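All chains should be modelled from the sequences, with the hints used to inform the complete structure.
Protein chains: 2
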Amino acid sequence: MTRQIRLNGFIGFSPVHLSPGLWAHPASRGADYNTLDYWVDIAKVLERGKFDALFIADGIGVHDVYGGNADAAIRSGAQFPKLDPLMLVSALAHETKDLGFGITASTSHELPAVLARRFSSLDHFTQGRIGWNIVTGYSDSGARAVGREKVIAHDTRYDRADEFLEVAYKLWESSWEDAAVVRDRASGTFADPSRVHRVRHEGRHFDIDTIHLTEPSLQRTPYLFQAGASPRGRAFAARHAEAVFVGGPTPASIAPGIADIRARAAALGRDPRDIAVFTLATAIPARSRAEADDKLADYRRYTDPDGVLALFSGWTGIDFSAFDLDAPLTLSEVKENAVQSLLETFTVAEPDRVWTLREIIAHNGIGGRGPLFAGTPADIADELEAWVAAADVDGFNLSHAFFPDTFTDVVDLLVPELQRRGLYKQDYETGTLRGKLSGSDRLKETHAGAAYRRLSEAA
Amino acid sequence: MTRQIRLNGFIGFSPVHLSPGLWAHPASRGADYNTLDYWVDIAKVLERGKFDALFIADGIGVHDVYGGNADAAIRSGAQFPKLDPLMLVSALAHETKDLGFGITASTSHELPAVLARRFSSLDHFTQGRIGWNIVTGYSDSGARAVGREKVIAHDTRYDRADEFLEVAYKLWESSWEDAAVVRDRASGTFADPSRVHRVRHEGRHFDIDTIHLTEPSLQRTPYLFQAGASPRGRAFAARHAEAVFVGGPTPASIAPGIADIRARAAALGRDPRDIAVFTLATAIPARSRAEADDKLADYRRYTDPDGVLALFSGWTGIDFSAFDLDAPLTLSEVKENAVQSLLETFTVAEPDRVWTLREIIAHNGIGGRGPLFAGTPADIADELEAWVAAADVDGFNLSHAFFPDTFTDVVDLLVPELQRRGLYKQDYETGTLRGKLSGSDRLKETHAGAAYRRLSEAA
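Protein sequence lines, in the order shown, are assigned to chains A and B. According to full-length UniProt numbering, the first sequence is numbered sequentially starting from 1. According to full-length UniProt numbering, the second sequence is numbered sequentially starting from 1.
Careful: at least some of the hints might be erroneous.
Which copy? The list can't say, so a pair holds if one copy fits it or any two copies do.
For lysine to aspartate or glutamate, the following EDC-like pairs were computed, each having C-alpha atoms within a straight-line distance of at most 20 Å [unchecked claim]: (1) K97 - D32; (2) K44 - E95; (3) K97 - D41; (4) K295 - D37; (5) K295 - D412; (6) K295 - D379; (7) K97 - D37; (8) K50 - D405; (9) K425 - D392; (10) K44 - E385.
No wet-lab data here; the hints were simulated from the structure. The structure displayed is predicted, hence computed values, not measured ones.
So, in structure tokens, the structure goes:
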């Protein structure tokens, strides 16, 4: 069977996610980001297009590196303000049947027993359609919001996250046996106490003694997404992730990292194909190339340069407000690695070209650091196929210029083309998010979390 | 105008809340407590009855004092398992228009900036219908779940909660000016940075430096419920609460506490009537007294004595598993205060009677420690009127035997009787929860939180 391409909708809980300025396009509903109807409509469009999940980015910081303050982010609505995606899920769950939800939550400002209960609650409400995008928090701005002057050192964050997951697995997988809940009205027995177990954990970061507060949900452990790109992040992903989220401008720029994660997973005894890899992209399909060009040109008129630079500065740690927009970017003037990472987004694609910041803003103001595919459905399907073949990705986290246009265009134009090619499902399979993505409602036996399940069954 | 009686629906996120065993009644849907449809239907019934709010109890502990373990709670489904009410709100918000939500969340296992964002998100989704029932956590069981061997000492908990609220007020009231968000498409300005302010707080318990992550919602600060009954709890309520939740078997048993809270509020410069007082009760209305008696007798056949004692033991700290069910209860055998509090539930009502534990279980197995009113709508309306007059309460947090029967009976039988008497609104007023309950969308000028607003406006 031809390898199927999977799609998630990728969006932040703000007026603007990766396309600063586009909220102001006359057709955009981005200014309504704080209403339930906006999100219900997004979820329904994605479900109509048989997307696997709505993937919601999050973080508790504000981009305040550019100009040394948050003014550009605030003015342009670039990833700010920002509501809490965990609070949103139940409304979308009630209005959909098959769409999954990839919800970002940080191990750095939640307690394991409390967050584990939250995801279990959502897994009940969605009947097994919840995924957790595990993040550990990367910004100083976010750290200051919760009372730490600087973000916890990178590797310490991951050590803490490893232990957080260990505690969560114990709660999700070992506290309640499958046969524990009987709901027997005749005897008045809701659950069998002999099959419900207390979890005790004394570790370096956490120390708990509790029964998991919820009965088992369909997936028990939520489907686990992760996006770490560093070596330590990849080690974490190889152990915990069932899907990873990567990003880069070309297949060649992401292929080595993907191969590394799959190899690390194999070294841990997992099937490297048990990790679904989604890469960031934005697709602007139209009925002709001319129409696509026009559409893109129209969108780009709304790009907000300050908003774009607020994101670039936030991501790289470099204050681009001091830069001449029209001078060629060179690596010598600032921290090499960060400008390198910005330049790589383009130089890999056009290795002989010299870029100015203004050109980068224009080129990359829609969809952030991922590729932007604008063209006919056939053009874009060709691109996606090429990426899958060259980079070994399983699918795409599709960003948008704005809602509704980008996602409705993808659903109405691109999805049918992928289906015609046999590259995309004709309909959802039934069942949980994990079942749809991996064929199993529960963690596979080779996943780190399954070890806690076996311990429980032996008890 | 006759004083209006206000009603909230009071329920926990479990198969059973205050009526152990009743989930197994053939008409009960309690076993579906973990589905969205169950809750959406509850919300719609309450809204049909023009209830002010659905009030959801919560706590992260399990009742494990009875028999020294959680077996009885687990077996009977008594307040266990227990899902997270914060996760539920958006689905109910999308299916209702006027009903408010009183959601319990603890200051002991959340971070102020994170929880403040959660409530702001819910205030956006509900268009100003969210209330926060502030709890500080009272059980050792809950403390162990989050890594503290014993619950934090009572007064320390309240000191921490006071500072938590101070931080939250700063975020809600002072970070964004009313005029900050402009959503001006022509200039591409989402918000005016000069009207968005960083909140710096260095305190004993919290130390933060952040902009509140959400723009102002209709209420800004959620409507504040609180239920502390101790002197320290009352001091907290007098300062922070806009509604308090009390409970007792007779008007005389609660009147002094209510008068004390109102007096404390007045001493702080507030109008004592700006605190709405709700007292716990369960109403079982029927078309005749005989039918009410039959209904109650039918319900009581399902009472689960072990489940009832699991609650009693959890609330009092006394392990009632060692007690002879048929011996008269005396104060000498165990800690006086706790048995006193259990006995008071009955002896105040029938001062000359000696009670056995079995009688208390039968008498109080439905609706917990509040009064149980079973009778015709006129009988129950008389009782409610008498309580309002004698105890100076503003309304009732109505518990139920099970859903749907109790709430539908109240809505179909009792509410029309109260309306006929001019004691109950004919329809909702429009607007926010605070607007409906106090006439103002925002905190009143005399409320502690308003001081932070003024600081901001002066800045």
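Going down the list of hints, with the structure as the test:
1. K97 - D32: between (24 Å within a copy, 18 Å between copies)
2. K44 - E95: Both: 8 Å inside a chain and 16 Å across chains, each within 20 Å.
3. K97 - D41: Answer is both: 14 Å inside a copy and 18 Å across each meet the 20 Å cutoff.
4. K295 - D37: neither (26 Å within a copy, 42 Å between copies)
5. K295 - D412: The answer is within: 16 Å in one copy meets 20 Å, while 56 Å across copies does not.
6. K295 - D379: within (15 Å within a copy, 69 Å between copies)
7. K97 - D37: both (17 Å within a copy, 13 Å between copies)
8. K50 - D405: Result: close within a single copy only, 17 Å intra versus 40 Å inter.
9. K425 - D392: Within. Shortest intra-copy distance 19 Å satisfies the 20 Å Cα cut-off; inter-copy 63 Å does not.
10. K44 - E385: neither (26 Å within a copy, 48 Å between copies)
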